[in-house]
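As they're listed, the protein sequences go chains A and B.
Position 96 of the first sequence, counting from 1, maps to 96 under my numbering, and the rest follow consecutively.
Position 30 of the second sequence, counting from 1, maps to 30 under my numbering, and the rest follow consecutively.
Just so you know, the hints here were simulated from the structure itself, not pulled from any lab data.
The structure displayed is predicted, hence computed values, not measured ones.
Each hint should be verified, as a subset may be incorrect.
Said to hold, decoys possible - Keeping only pairs whose Cα atoms sit at most 30 Å apart, straight-line, the calculated BS3-like set for lysine-lysine is: (1) K60(B) with K68(A); (2) K60(B) with K30(A); (3) K35(A) with K60(B); (4) K103(A) with K68(A).
Single-letter residue listing:
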Amino acid sequence: MSPTPISFSILVYGAPYSSQSVSTAYRFTKTAIEKGHRIHRVFFYGDAVQIGSRLVAVPQDEVDLQLKWQQLGEQYQLDMVICIAAALKRGIINSDEAKRFEKDASNLAEGFTLSGLGQMIDATQSSDRIVTFGY
Amino acid sequence: MILHTVNKSPLTSSCLNNCLRAIGDNDGLLLIEDGVYGADKHQGLKLKPLPSGITVYALKADVEARGLMGRLSEDVRVIDDQEFVDLVVSHNASQSWY
């Protein structure tokens, strides 16, 4: 445990399986929690939104990054936000948006929410530290 | 005091150089992911001249994954994930270069 716990928000930019950022951010977030710190929000932006598709099927001998984030999120009640503008144009969509855009399916994985950049601005103002994991 | 993180190799990206141009006295520099190649003493890409008081760190998991343990410049401190968190806490802010 660190002497004085602080709050973090984590910004993630890189696509899972193309960039290391989603897995480095995962390790950092988990370690920060284990050291007694608080995670205000994890915000997935740009190509990192691909973490939120429940249609992803990872080979058995490879790391399932989405599952790891879901398990961490569930265990510690993390606010894991996926940028809605970045997500919709990459085919990551929840049922409300699917209805609005008249799509025949939705695919947002459990544990993640779609929301706007305002959530990122809020994160920068409400957290003691912001750590960005670039693509 | 800012903690700068660099995640790209200096062989493929200018972000380490850009960071070194912007880094201030007593800031910290942490090399992560492919950024750890910047600390390889055999590449001739020495992290010098650095402003005074800069400490250079490299993330252990990334150094090991690239077989660079034992090939780093002597003035680079290898740290684990826990020390990464501690560094972010002990600096006023963190700035990522990618």
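How the hints compare with the structure:
The straight-line distance between the Cα atoms of K60(B) and K68(A) is roughly 21 Å, inside the 30 Å bound, and the hint therefore holds. Straight-line distance between C-alpha atoms of K60(B) and K30(A) comes to about 16 Å, which keeps the hinted pair within the 30 Å bound. Between K35(A) and K60(B), the direct Cα distance comes to roughly 18 Å. Compliance with the 30 Å bound is thereby established for this hinted pair. Of the supplied pair hints, the one linking K103(A) and K68(A) holds, its CA atoms being roughly 29 Å apart against a limit of 30 Å.
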